[in-house]
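Go ahead and model the full structure; you've got the sequences and the hints to work with.
There are 2 protein chains.
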Amino acid sequence: MLQESSVDSSGSRFAPLVVLELASDTKEEAIAWLLSRIRDWQQNGGAELLVEQLGPGIGVEEKENPNMFLVGASMQRLLCGAEDLGLFKECTDGSMRAFTFASKHNFKDFKGDGDGFLSMAECQYVIKHELDTLRAKEETNVPGYSHAKLYPGKSIIRRLLSKGILIQMFPLHENEELKRLSFSWYKKVKVSLQPLDDIRHYYGEGQALYFGFLEYFTFALVPMALIGVPYYLFDWEDYDKYVVFAVFNLIWCTVILELWKRRSASLAYYWGTLCRKKAFEEPRPGFHGVLGHNPVTGRAEPIYPTSKRHLRVYLVSLPFVLLCLYLSLYIMMIYFQMEGWALSIYDENPTFWTHILLFIPSIIYAVVIEAMNLIYRYAAEFLTEWENHRLESSYQNHLVLKVLVFNFFNCFASLFYIAFVMQDMELLRQSLATLLITSQILNQFMEAFLPYWLQRRRNKKMIRKIQKRRLYEEKELPLVEQVRLEADMSTYLGTFDDYLELFLLFGYVSLFSCVFPLAAVLVVLNNITEVYSDAFKMCRVFKRPFADPAANIGVWQLAFEAMSVIAVVTNCALIGMSPQVRSYFPESETQLILCTVAAEHVLLGFKFILTFLIQDVPKHIQDKLARLEFESLEALKKKKMLEASQLSKTVQ
Amino acid sequence: MLQESSVDSSGSRFAPLVVLELASDTKEEAIAWLLSRIRDWQQNGGAELLVEQLGPGIGVEEKENPNMFLVGASMQRLLCGAEDLGLFKECTDGSMRAFTFASKHNFKDFKGDGDGFLSMAECQYVIKHELDTLRAKEETNVPGYSHAKLYPGKSIIRRLLSKGILIQMFPLHENEELKRLSFSWYKKVKVSLQPLDDIRHYYGEGQALYFGFLEYFTFALVPMALIGVPYYLFDWEDYDKYVVFAVFNLIWCTVILELWKRRSASLAYYWGTLCRKKAFEEPRPGFHGVLGHNPVTGRAEPIYPTSKRHLRVYLVSLPFVLLCLYLSLYIMMIYFQMEGWALSIYDENPTFWTHILLFIPSIIYAVVIEAMNLIYRYAAEFLTEWENHRLESSYQNHLVLKVLVFNFFNCFASLFYIAFVMQDMELLRQSLATLLITSQILNQFMEAFLPYWLQRRRNKKMIRKIQKRRLYEEKELPLVEQVRLEADMSTYLGTFDDYLELFLLFGYVSLFSCVFPLAAVLVVLNNITEVYSDAFKMCRVFKRPFADPAANIGVWQLAFEAMSVIAVVTNCALIGMSPQVRSYFPESETQLILCTVAAEHVLLGFKFILTFLIQDVPKHIQDKLARLEFESLEALKKKKMLEASQLSKTVQ
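Here the protein sequences come in this chain order: D and U. Going by my numbering, the first sequence runs without a break in its numbering and finishes at 1065. Going by my numbering, the second sequence runs without a break in its numbering and finishes at 1065.
Careful: at least some of the hints might be erroneous.
Interface residues of chain U toward chain D, partial, derived using beta-carbon atoms under 10 Å [unchecked claim]:
1) Thr710
2) Ser827
3) Val1030
4) His1033
5) Ser1045
Derived DSSO-like pairs: lysine-lysine, alpha-carbon spacing no greater than 30 Å straight-line [claimed, not checked]:
6) D/Lys1051 x U/Lys600
7) U/Lys1051 x D/Lys502
8) U/Lys1051 x D/Lys524
9) U/Lys674 x D/Lys721
10) U/Lys674 x D/Lys1037
11) U/Lys674 x D/Lys1032
12) U/Lys950 x D/Lys1051
13) D/Lys873 x D/Lys502
Just so you know, these hints were derived from the structure itself, not from any lab. No residue lacks a Cβ here, since even glycine has one placed at the ideal position from N, Cα and C.
As structure tokens, this is what we get:
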């Protein structure tokens, strides 16, 4: 079986790209059916991919799952898949164009059969796409599983996943490449930039954009950090300097967010994702509806009315989120009351036990918040799934928005309360510093080192197990063991949590920047270690994720911009409340508030004008995009002309 | 000469579309050269149009200009021109596609030779475009005029215009069509909507969008007017009702502006202007620069660096505008001082002469403002021309923005002063009513009836003159007389002033709506008469304008949106200042202001979320646009494939 499995039906070996793990008790008929569908020709509705079963490991044990399958494809099949996906590649003339198999020799790095033309991440993305769009034909259920219903057009892989027959699907790591990447990325202490192109090559555009943003964000904060240091060192607390610092911060935040759009557009253009058209995206595997025809492409696919989705979003999801926010606010108020109550007990009777009582509200609050975050996250995922978005990007955006609002609220509500209701600037500064430092340390620990340590223990066990049987000279694991090892690694859940962390850090820097000028310094330091720990986590801790051909950072751009608008309001209010400013308007508080509000409006107006003036896409990229569009319109004209002349010939 | 001129070089008569009027003393060699360039084949760099000289009128007098030329073209030439312009027309399958001559039979209304397929406005636009893009070859100057320099690529028509050799170029009216249009448009009192499609057919998309917007705006104001009436009649001045009215107004303004975008996109789609690509627009005739190659189309055209234009905009135009605003503010302050001074003189010594003195400041102020508006308008036009914009649309946007800001300032600065510095609500209400009513009456008079009366006198003179010679049975004028009559008509200067009027009216309605609820009623009444007077003006008073293939109302959308944002601020402030609201916060003014500011922020936030949620283009139009894009990308792929297969054949 092992000997046969490494040879595909046509008799040639292939490079495994993706692993499918089925449940160990899957019925034989279901496996046979699935494999035949994957291997079948495309014109018969198959995926036309190569697939073989993974042989047993060296340390064969009872509990090992025999139903692991390696999926690959011939180079020609991969190139055709890339064409179907509309992947953009660089041409010999330096422009970016949609790859077509027929015009393959116009592309820059295309040599011979095309080996090395597509990156491994792209190949894996093609295979994922082909598997995802493998749809049921006349089958009414998965063979052997009468409860796993199928109907024409339903994604087979999705149904197998939802019924627990397919446990997971993941792309394989490439040991040589990974070693090279990790060396240039985080293994040497360096002053150079991150190898973004290599990251993109190995992990895809979504990951590379995240690391690009992290790097950009760090550099962008350096001026704020440099200016903030003397404020902290010399305890500059007088009005003029604070105002200058705050105004600089607010304008700087706007400028860096606008410039990031330009940088992101440049990166995405050269990575070929800027021109890929969203409207032709295939529906996400979880999308369901009545089978119909896509109004744009004319292809058969499930149709779900937008109005129904809107009803679900506005009548169910939105009220739910608002309710959760209210609940969170309510719990925060209880916390502040409990703290006041504990403090009063301690003041009345200061013993050891009442001193301990002082910490109890904070502990309860922290635990409740964590629990709420967890429950809310599950609820948000459930709701967003239920909203039935057609595109993966739309699903992600709705999920991000839900989780984001709640996390923002939980993270900053207490700071807002301290700043604007209690008006205790000293406490605000303390809370900010504490929150910032503890969250950074905890994050780095929870994110990278804990999972790494767990993983290391598991690996060692595995290696010991193998060494029991044989004595390995080389340290390289055989493919079979590597696949089993990777299958056991934790799954990387996307850039969501990484962005969320950056977003909250940005909040600490911008919202209360005029109270705690050192925040930017701390965030810069954190980001530097974050680059290393995130890189390490990606390379060593998690299963390799599928590439995500993102053109921008999506809803996060909007989130960061919204934060910078809120920052204008909070900073103006904080400056207006500071005793130095108050002393400028000794007799009239009204005038103070009016001046503050006027300043705030001017700053907001300036921000919007700035956003408007700085173009989102650099001029040279705009020209290139326009050129592509111009060419495609000209081509359409030519095609019509050809059709018309053929028509007139047949008429004659 | 007359007999020959109505027959073109190939011997067939043609329908005259556009008139060129050269100065009466133009040298023969220049005329001969211009006509030969216009008649020359396209491959030789000519325009390939038909042109003939207009014969002398029936009432031949010494002062009549002999150098008037009628320009036309064969149907085939017009269709090819329409293809070059990328005009979109409806296909037999209901979709909108760029017209190509080769695929002409796929289009819906194409019958026989194509007579009637292009509207007369489109034909005239094609001819204007061809004449505008008629560029110099090796000529160094206009023959006979050594000071009228030419260089390769310079627009000939533009140079002739700038040197005063070409007096004007205008499209001819079509008497039958015009009669039909004016009957259905304004000659009958009706409840039906305006014939937008007919207007578009006769005057082009820019005009039709203006009338569409005027109609939409009128209907959109009806709910505000209906709700405003009881407030006025029953003198409802209590807090709750006012707040409800103001909040309704603010949200309503946002909603109507957003919905207009959708309506405008629908109109523009079916008129074929939504898909026309801006980037491929030819540079405007006044654009100059070093001859180079367009980076998008690769065609030869003048190139002018964007950075230079930015320098001119930000370092010269922007400071100039700010200076003018400052000057205007300064003059307003002098006016208020003069008024106070006149009032104090009258109070001291109330005689007839001091009573007259009371009016003097207002009169001086009104005259100064008018003079400033006039001078500023010329300066703005000069500056915008000097900024050297590549596209006509970009030129228009910059001009509109400059004039708009200044007019807004002049119109509303005194009202802002009365409202927020003097805080005199009674005076504000009076000023608003006075300004609104007088400006409406004056506008209607100045815009339509005065020019009409002048025109009528001129026509009568001409008809009398003709009747001296011959006795006309029919009232129709012969073509020769019609052309001379139209050449004497005033030139329509575009929709600029019409939009500006609507914009200022919108300001009266929205900025201070909670002080003067009757404003919406007055504006609705004004708009109803405005439709008629504008329609009348277009049909009877002015020369026919060239069609302008606009896809939206351009910078005006932005201007109206900005106004609605300012309206939120002013209305919140006005409500906060009202005595009813003040009585709610008897002891603390601070709290009042904070509440007002909070309400304002909530409203602004809500506005932005609303803007974000309402999609700018309706779903079915989005689908159609995406389909077009999908098809053109597919066509590009096909073309590449074809090229590659041809390449491989030649290699074999």
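Status of each hint after checking the structure:
At its closest, the beta carbon of U/Thr710 sits 6 Å from a beta carbon of chain D; the interface hint therefore holds under the 10 Å criterion. Checking U/Ser827 against chain D by beta carbon gives a least distance of about 20 Å; that is not within 10 Å, so the hint is violated. Interface restraint check: U/Val1030 against chain D, minimum CB-CB distance 12 Å, threshold 10 Å, status violated. Here the hint on U/His1033 is kept, as its CB sits about 8 Å from the closest CB of chain D, short of 10 Å.
A cut of 10 Å between beta carbons decides the hint on U/Ser1045: the least distance to chain D is about 4 Å, and the hint holds. Of the pairs offered as hints, the one joining D/Lys1051 and U/Lys600 is violated, with about 47 Å between alpha carbons and a cut-off of 30 Å exceeded. The suggested pairing of U/Lys1051 with D/Lys502 holds, with an alpha-carbon distance near 17 Å, which does not exceed 30 Å. For the hint linking U/Lys1051 to D/Lys524, the alpha-carbon distance of about 22 Å falls within 30 Å, and the restraint holds.
The straight-line distance between the Cα atoms of U/Lys674 and D/Lys721 is roughly 24 Å, inside the 30 Å bound, and the hint therefore holds. Only pairs whose Cα atoms come within 30 Å are accepted, and U/Lys674 paired with D/Lys1037 is accepted, the gap being roughly 28 Å. With a CA separation close to 27 Å, the supplied pair U/Lys674 and D/Lys1032 stays within the 30 Å bound. Taking the CA atoms of U/Lys950 and D/Lys1051, the gap is about 44 Å. The hint is violated against a cut of 30 Å.
Taken as a hint, the D/Lys873 and D/Lys502 pair is broken in the structure, with Cα atoms around 42 Å apart against an allowance of 30 Å.
Comparing the model with each numbered hint stated earlier shows that hints 2, 3, 6, 12, 13 do not hold.
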